[in-house]
Amino acid sequence: MGAFKQSHIFCKFVQGRARSLITALYLNYNQMTMHISS
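The numbering of the sequence shown is the numbering used here, which starts it at 1 and goes up by one.
The set of hints was computed from the structure by calculation and includes no laboratory data.
The model shown is predicted, which means the values in this text are computed figures rather than measured ones.
Ranges of calculated distance between the beta carbons of each label pair, as one might list FRET restraints:
| id | residue 1 | residue 2 | range |
| --- | --- | --- | --- |
| 1 | 36 | 6 | 40 to 48 angstroms |
| 2 | 7 | 28 | 27 to 35 angstroms |
| 3 | 4 | 34 | 42 to 50 angstroms |
| 4 | 5 | 25 | 24 to 32 angstroms |
Just so you know, even glycine gets a beta-carbon here, dropped at the ideal spot from N, CA and C.
With these hints in hand, go ahead and build the complete structure from the sequences.
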């Protein structure tokens, strides 16, 4: 039970990290395309 709870917390942590990473990449991509078009 304890190990399951730990893995659940770890999954939530990984999901949060992945989401923030994707958001950062998305914002960087938008900035790059804006620089190229202007």
